[in-house]
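Engineer: Those protein sequences? They're chains A and B, same order as listed. Take the first sequence: its position 56, counted from the start at 1, is 56 in my numbering, and no numbers get skipped. Take the second sequence: its position 43, counted from the start at 1, is 1043 in my numbering, and no numbers get skipped.
Calculated directly from the structure, the hints in this document are not laboratory data. All values reported here derive from a predicted model rather than from experimental measurement. Wrong hints could be hidden among the right ones.
[As the list claims (entries may be wrong)] Below are the DSS-like pairs computed for lysine-lysine, each with C-alpha atoms no more than 30 Å apart in a straight line:
id	chain 1	residue 1	chain 2	residue 2
1	B	Lys1092	B	Lys1192
2	B	Lys1105	B	Lys1178
3	B	Lys1172	B	Lys1133
4	A	Lys171	B	Lys1172
5	A	Lys253	B	Lys1054
6	B	Lys1204	B	Lys1178
7	B	Lys1178	B	Lys1092
8	A	Lys171	B	Lys1252
9	A	Lys2	B	Lys1105
10	A	Lys171	B	Lys1092
11	B	Lys1133	A	Lys13
12	A	Lys256	B	Lys1204
13	B	Lys1204	B	Lys1192
14	B	Lys1105	B	Lys1133
15	B	Lys1092	A	Lys13
16	A	Lys2	A	Lys171
17	B	Lys1105	A	Lys13
For reference, the chains in residue letters:
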Amino acid sequence: MKQIIYTEWLKVKNYRTFWVMFILALIIIPASNFMLADRATSNNFKQVGKIFGNPFSFPEVWLTVASMNSYMSLLFGLLLIILVTNEYTYRTNRQNVIDGWERSQFVYAKLFWLVTISLLTLIVATVSGALIGLIYGDKPFSLEGYQYLLYYFLQLNVMLTIALLIGVLVKRAGLGIVLFIAYNMMLDQLLSFFLKRSVGPIGGLLPLQSGDELLPFPLVGKMVTTDTQYDTYVYVTAMLVYIAAGIYLVFRKVLKSDL
Amino acid sequence: MPILSLQNISKSYGSVQALSGVSFEVPAGSVFGVLGPNGSGKTTLLGIVTDVLKADTGSFTLFDRTPTAGERRQIGTLLETPNFYHYLSGYKNLEISAAIKQRGKDDIARVLEICGLTQRQHSPFKTYSLGMKQRLAIAAVLLGDPDVLILDEPTNGLDPSGIAEVRELVRKLADSGKTIILASHLLDEVEKVCTHVAIIRSGKLLLSGAVNEVISRSDYVEVSAEDTNALRTLLLEYPGCTGAEIQGTIVKALFAVAPDAAAINSFCAKRGIWLSHLHVRKKSLETAFLEITNIPA
């Protein structure tokens, strides 16, 4: 694995597009959270805070950050799609195998990025949440409610798994990105909406919706009744199943088909 | 021990049968030419050997073992086109090749020098000309000085001097005892270096083995005299002559055994025909190849 990570490092070390996107995506997490916290705690909104509570105080800040960040996960998915489809565009996926990688090592190399991106994002989100809670909140630091960041982490992993799967199936950056954005911004919610209306709460078990069900919008979420939802563990299990199924399909595609 | 042994490899792309039951062995130390017209299945065959394509049926061994990535790391391979990261320099691309091959970086300077890329090693790959890209691919093949090389159309995209350099390089590598599997449709490219051949047409193996055993390249004689027709008739009477045809002012005569120029000269003189030209020639691999591949399957 060390050798795979070293090789992946050599591939991106001088790849400007990667670094610009990666750093931008990581900066957006604290930047947007801080901006929102700064606005929301300004005098104009203080009255709202008095009624509903301060969403930037512990423990609510974890849900606020997790919910906010779930809207920005898309950028990391695009980054992963580019890393994967580059290999197909340049046909270096073939060359890596010709030169002496097992096909499975190619998948491990891309899974390394999935894990790295999601872990780094979790770290940045955790630090941002803690700082916002300390700066804009009015309660002492607490890890109560931190599970929301873990739900966000799981949802991000589902999204990155979808990006990886689209990358190896579609192989072309342009089409892959369009499909990924369409699924993320529309299809998942649309399908979920229709399924919920026609079948029932099972509509909430679609890949991305599973995470959304666990990340209600701060403040508003409190006012919405949630008796049509399953228990938390159902959504968590669904997300774990999606991640496992996605990775299985990626392995199957790369191991069995012509490169 | 054969370096590569193929058993009954078949592969199809939809309704197109790219390979049908191909079997042959590549002996150690041989320069093995895989010959065939464009689209005959050469690259598909080498793609299967390098695990980028999956055979429908059949199996193969590398170094007498079931092939894994470990066996591929011992082989320098150029398959079809040079595949590199466009945004990286030639040197950095070779760093990646070396890392995957699990070899150090210390050989990169040597292979860049051999391929004439030292000056441009730090330029991005996307700025390279077609010939330079092909040279970089050959440099990657040479990384770590492997004992076995697979070269698929190695002179693609090179200018005449580049083609000559690659031929010279292949010859040197062959002389140093390396096993080379060389796929090409350019027969003069392999004629001088190949010890063994496999000829493929439309996915079927027509023949394989040592060049001199499997390709009949019998010598023939070009002669001329004042009366070409009389000369042709006379040559057909010569013991062992299997055919004679007039080509302009020359008669081309074929023989069952290696022809003796002096005996032919004497034979003609005794029968009153004085030769003005006599030349013993060898049938080119190209001619032999065309004869073989033109036989209806």
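Engineer: List, from low to high, the hint numbers that the structure doesn't satisfy.
Structural biologist: 1, 4 and 8
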